[in-house]
Every structure is written in structure tokens, then in C-alpha cells.
Amino acid sequence: MNYLSIKDIDHLASWVDQARKLKSAPMENKALGKGKTLCLLFFNNSLRTRLSTQKAAMNLGIEVMVMNFGSEGWALEYGDGTIMDQGNSEHIKEAARVVTQFCDIVAIRAFATLTHKEKDEAELVLNAFVKYAGIPVLNMESSVGHPLQALADAITIAEQKTKARPKIVLTWAPHPRALPHAVANSFVEMMKLQDVDFVITHPKGYELNPVITMEAKIEYDQEKALRNADFVYVKNWSSYSDYGKILNQDSDWMMTKKKLGPAKLMHCLPVRRNVVVSDDALDSDQSLVIEQANNRTYAAQLVLKKIIEQL
Amino acid sequence: MNYLSIKDIDHLASWVDQARKLKSAPMENKALGKGKTLCLLFFNNSLRTRLSTQKAAMNLGIEVMVMNFGSEGWALEYGDGTIMDQGNSEHIKEAARVVTQFCDIVAIRAFATLTHKEKDEAELVLNAFVKYAGIPVLNMESSVGHPLQALADAITIAEQKTKARPKIVLTWAPHPRALPHAVANSFVEMMKLQDVDFVITHPKGYELNPVITMEAKIEYDQEKALRNADFVYVKNWSSYSDYGKILNQDSDWMMTKKKLGPAKLMHCLPVRRNVVVSDDALDSDQSLVIEQANNRTYAAQLVLKKIIEQL
Amino acid sequence: MNYLSIKDIDHLASWVDQARKLKSAPMENKALGKGKTLCLLFFNNSLRTRLSTQKAAMNLGIEVMVMNFGSEGWALEYGDGTIMDQGNSEHIKEAARVVTQFCDIVAIRAFATLTHKEKDEAELVLNAFVKYAGIPVLNMESSVGHPLQALADAITIAEQKTKARPKIVLTWAPHPRALPHAVANSFVEMMKLQDVDFVITHPKGYELNPVITMEAKIEYDQEKALRNADFVYVKNWSSYSDYGKILNQDSDWMMTKKKLGPAKLMHCLPVRRNVVVSDDALDSDQSLVIEQANNRTYAAQLVLKKIIEQL
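Protein chains in written order, with the numbering used here: chain S, 59 to 369; chain Y, 59 to 369; chain P, 59 to 369.
Simulated from the structure, these hints should not be mistaken for lab results.
There may be inaccurate statements among the hints.
Given that identical chains are not distinguished, each listed pair holds provided it fits within a single copy or across any two copies.
[As the list claims (entries may be wrong)] With a cut-off of at most 30 Å between alpha-carbon atoms, the simulated BS3-like pairs for lysine-lysine come out as follows: (1) LYS92 x LYS363; (2) LYS92 x LYS364; (3) LYS88 x LYS275; (4) LYS225 x LYS177.
If we strip away everything but chain S, and leave its shape as in the complex, we get (with noise of 0.2 Å):
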């Protein structure tokens, strides 16, 4: 069993049963995962991702190995036939193959480059591993995905509403930098496992990649879009169709306590203060931001005891 994306989960609701359960008795399965081993790959930064899925591991009994690729490995060839008399040291066939050599199941961090589409669609590093590892395979943020981060906000969603069918609002908001897509297409995704009242907000030109927001509606008015909104999930991205690119940075699209009204605020973090949110949004007791970082290590465990029990 992989956990690439949010179409690896069969039953959303009885995941996040599941997972809030666990969240009750975090430790009740340390004997599960002995003798098995987990190695974290990153190829890029991370704080949440890294310590949350490290203490998902433990309260399972798993030994964890983590590894910062980049850094401490070799730069990787994904190409096929390639020459390699270049700057890339090994190719993923063998890093890949290797690596699962040493553990039980191997996760991946690696972001979208925002400069080849086409390289990010075909999600280049975490496929490699997938085809050539021949272990389970769970996704710590591709370039298209963050399915943990979903998974956590699902079970964020489900452990504050008040009500059978809330509305929930993805707006995006300003960054100074060029942001990926992953977030975002998961959330969407994982909004489409439920029967919520959904609407994307963002400035013409911020639409997701179609193909995933294909039925969710959206709303160019942000005020619109906010109307008697439940839960808000503010998040920056680059623009999709001209790739990678930043077309806005309007200020009046950062999330604020008066827009959010009654509304509880979340953001997956890190996030920029008055940049992206603001100061009174974040610091309300409407803000599940922490919870939703909290929630991490539940979406993980549910996610990795699921695969030591097939293995």
C-alpha cells in the first residue's frame, strides 16, 4: 500500500474515525511497528512534516531514519538513458532500489520546481521511487500533493463542526514568493470525499489545474465566497496556467479576523503574518491552525499503521 495522494484513501470518513481514535491512545499499538523501519527522505525543507511523521512513527514502535537528500546524498538523475557525465552523481534507479534495502517503508519529501509543468504533473521523484522501491511509498509533499497535511485537515474539519454540512471556503492570499500547487489540490481533493457546501476563492488567473477542481465552484468574489462560511483554509499559490508565476500580490486578499467573521481560520503553516493572515485572524480562538499541525501526527500514524499491517 502507497499513500501518494488522496485517492489512496478508500473511506475518507472511517480514516478520520480511525485516526481520531488513535489521537485518544496514540501509544496503544507501540507494539505494532517493532522491527519495522521507516526512512524520511527530503529533498526539500520541513518542519511539521519532518517531526510529525517522526513521532507518528515512535508512538507505532517503528525506528525511523532520516535523511536530508540533498544535503547529505548525491544529486539525482531521473532520466531515461541519459549520459551522466554531468553534475548528477547516481540515478534514481539505484538510489531508489537501494534505499528500500535498508527499511520497510520509505516517505518523500520533494516540491514542485514551478518551472516545468510537465516534470511536477508527472510527479518525477516520488513516481521513480514508487516504480523502483518496491515498498510501500508515502508522500511528505509532491509536487502535485500533500496528502498528509489533507488527511490532518480532514480530521481537524471533522473535530470542529457544528454542523452535518458546513461551508467551507479555500481562499487564496498574497506571498512575496512563488508558492506550489500541492496544498491546494489536495485540500480540494479531500473536499470532494465529503458532502460539504464548497467554493474556491481566488483572483482570475490563480485557477487550480482543472482537472482537479473540475465540479468545486468558484467564486472571483472573495467577499462572495466568504458569505456564512463555516470553516475558511486561507493558502498562497502560484498562478497554474502561466506556470509557476506570481500575477497578484494585492494585499486586500489577505485573510483578516473582520472578513472571517464567525468562521474558524486555518492555514497548513508556515504562514506569513499580515502578509497572508493577519495578526487578529491568527491569534483569535477561531484560529486551528495549531490543531491542525497537532493533527499531523494522527493523519500520519492512521496512515503508516495502515501499511504495516499489510506488510
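Fit chains Y and P to the known structure of chain S by using the hints.
Same frame as chain S, but now just chains Y and P:
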């Protein structure tokens, strides 16, 4: 319970006794830390502190996650109300709260900048974690203190002293780089908790923070200061009044075996040989520097034990 | 007991047998390493060695601390009597002694400089740890040897050979960068411990250290050397006589499936595809490169087991 400075030691003599007991049977409390997690966050390099704190945690059965915050995480913002449109990606308010979702104790290493006295004295990084973390915080060397080192030094002196009230000299020594005051500060504070004959010696202009040295004897003549010393603690620091500056590199202040006389030699390490201390002093039987490093484990183990007993 | 070079193997055939037994039941000695700590110190990058040595330790119940000495610790000085007023902050005399306060075994990776032949041959870093550490030292690739790799290679050959006295060829191959001699050296030394038909082939000027190759057959004609080979070990190295220089990048020396004939292909990895070895050779069933990597775990596990049994 936090361990932020020497002030967090309620009864030094009793702590030293307890640490020495741990040293004689370090694995006896292996069950105590079961299911507990310690997160080590490094904003600066480390050898002794990194390994000894890990080892201490292992001895108590605590699981450890180590993170180089600078290179593996996100650049942190500390300002209140900042519009975060510059280099820093995450605010300490989120980072500190988030980290504490994944562990039971957090340990921080964050050196002085030596450029912003006020910021350094405010212990910006350490205190931000204390303020926002909500779990015990352990100081692995902050801007103004290194209390794990000082506790290890107290253990070493207790093991080695042959008279009830030894004479202990803290002497400045030259160094090619501007170094922080943390080690010297904590050593001075630790001296005040004991009935010893304590003297500080350094060139004029190298006075430590007078709030810290307040009642300590200062003798500008190194030769006079060293007379009849039982322990000589050698350490460089940059100027405090002319903050972070190097005013003097006079090699006459280097510690040598001749100057040492029959006294025991102490240094926190790393030490630059033949600049701070001569080879003949470091290589003599009078040197305690390796035993000081060894005692780092038991200092950390005692503090961690006290913290988890109160969790 | 140290494991510094192939010379530390007292009886290769017996070691290989023991390693193969460990491989068949790797978790059987999980209790053996209880309460023991291994410290891995990396002065250079690593993938296989990093993960396999960790995994081997875990299999034995040994706790592991990993440190990238270069980026996480202090720059080391090795000279005797140096006045340390330049870049290096800590002397190996202190660093080595200190590290050993915190662990029971220390493993070191420190590559050849390829600029200072004498320093490289003196195994400056490795031998300094041996001299000052006072605990068992494990070589994770030093300037002149990689004995964990060679032991894994011996295991692989033992598993795969179909005749009592196979023909084994070590062949040089081109590479865009100057590489160390460590892997080739240890392979040659390991060959000498077995009754095999061993041939080394390389262009003129690429003779390895004659002290190491002494009795080995050298054949400058690769085609002739490869005739009737059972195992072909491919490896690039820079010139030894014109120390660290690249004299030849002739792609005619690249290993291909055609050249390989029916022989098994070996390489320590990382390998540059279509420069050192062609795709068709690496992707063929004759390739043992992944199994060699797999056997790294059992080579390390055997050595660690022997070390802790003698602690």
C-alpha cells in the same frame, strides 16, 4: 519545569550529588522516559551538547528528534506585528507552538548575535519558545547562558576538589574570533551558589555584565589572580561594554602549564590549542577538560530526569 | 577491536559465513546491543553507508547518533603543536576524546583529499580517532580503504559464485571527476584473502598503489582481462602515481553488456550510467549492484556484532 539558567537550580549541592549518583548507574532510570519525546532544535553548531544531550535522553529511555532549525526548517520571524513580506517564512508564535505538538520537552541552542546587545539580553529565541511552547524548555546555550555546561562544571569540581573551600579562578584568554559570554556568565552564576574563593581575571575592558558578576572579585593582574589556585577555568569572551568587539589578543594571557602551577585546568571546549591554552597544559594530568565533557551527559540527564518527573 | 581495513578480518571465509547467517535472521541478536550507543560521524556525503550502518545497528538493538561533522560540528585541526589562530576551532585530540564519552563505538567517514598523498596515506582523520578515541573505531570509508564495502562484496560473491575458484576482474572505467582509490584498494586486499583467479585491468598510468596490488595480476588490455570472467567489478579511480589526476576519459573503457558476456556485474554505487557502466549492463539480470548494497547491512551488522561482543 524549565532549565533556562543557573537560577533554575534550587539547591546546587543536592543537584551535584544526584548527578553523581546518576553517573555511577546511568541506565538505572531507563524506564522513566518511556513514551516521552525530546526535540533538540539547533540554531547553531554543536558537538558536545548535541551528543551528550542525546545520550542523556537515551539513558532515560526518552526518544529524541534532532533538527538543525536553520538549514532544515524555515527562517523565523520574532517581531510582534511584523508584515512578513521579507526573508522569514514562519513566525516563532507558530513554530514554537507547533513543535510542542510533537514532543514533551524542547531543547534550544541559539547563540548570541554579539551585534544586538538588547536582543541578546532579551534571550529572543529561548524566551519566545518559553512564551509560546507551553512545555518544558531546556537551554542548550543561549545568548547569555550555558547552564548545562555550568552544571557539568560543578559536578567536575565536586569530584576533583580536595579541600572544602577551593580557590577557583576564571581567567580570560585570547582568541581570534569574537565569542559570546554565555559560558563565562553561567560559570560565574554557578560560583555564587557555592562557598568557594572565586576570582575573575581579564584585561581591562573585558568586564562581564556587572549584573552577573556583581559580588565577584575581579583582579586585572592574571599572575596575582592565579596564585594558590586549585581550579583555573580558562575562557575567551568578547567585550561586553564595547559589545561583541575584540579589544585584545595579547598572547601573554594564554594559559600555560607554568602559569597553572599545581591547579586543575578547566575549559568548556572547543579550545584553540596554543592560543587559548598551551599544549603542555592541555596534555598534562591536571587537565579536566575531557571529564567536563563527560559530565555534560550527567548534567543533562539530571535535568531531563527532573523535568520528566514533573510532567 | 577496530574495523579499519581488510587486515582486521582474521578469517574471511568464516566472516562471510557468519554474515550470511545474520542475513537469514537479522533480528535474532536484537538484545545484544542493549544499552550500547554507536556514533556515526560523517565528514563526507553518504547514502548506502549512512543507512545500512544505521540499519545494522538497529538490528542489533544498538542506539545510533548520526552527526555530519563538517556542517554540524567544528572545523578540526590535526597538526601537532599548531598555534590554532586560523580557521579550525577544535583539535582532533579533544574532539576524538570527547565523542567517545558519549558512545561505545565510533564510525568515521573521511574521504581522501586527493591533493595530499602523504596525508591521505597516513589516514589522518581515521587514525587520529583511533589514537585518541580509546573505543572501537569503524571505518565507513577512509582515504585509502572502504572495508565495509569490500566485506559486502565478499558476501555477494560467496552467494553468487557457481564454481570453487571464479575468475574475478576489477576493471577501471572512465568518470568525469577525480575519485578516490578506497573502494578499489579494499577490493584488491579482499581478493588476496581468497583463492580466486583475480585480474586488474586499467589504462597505463592508473596503476593502484603497488604496495596494495603487489601480487595481483595486471592486464592493460581490458578485452583480454575480461575473457571468461565470472565477476566483473567496475570502478573508476583517479591516477595514483600522478596523484588525484584524471589522465583518461576514454569511453571505450565503459562497461557494457556485450563486454560483460555472461559474467556478473558488480559496482559499489553510486554509478554514473552510460559513463561508467551502460544501461544494458546495469539493467540486466547479471547486475549484482543492488544486492551488494543490500549486503552492506549484513557486513556492518557482523562487524558491529563482533565489536560489541568484545566490549
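Status of the hints after comparison with the structure:
Taking CA atoms no more than 30 Å apart as the test, LYS92 paired with LYS363 passes in both settings, with 12 Å inside one copy and 20 Å between copies. For the identical chains of this complex, LYS92 and LYS364 are neighbours both inside a copy (15 Å) and across copies (24 Å), given an alpha-carbon limit of 30 Å. For the homomeric pair LYS88 and LYS275, neither the shortest alpha-carbon distance inside one copy (43 Å) nor that between copies (56 Å) is at most 30 Å. Taking CA atoms no more than 30 Å apart as the test, LYS225 paired with LYS177 passes in neither setting, with 35 Å inside one copy and 44 Å between copies.
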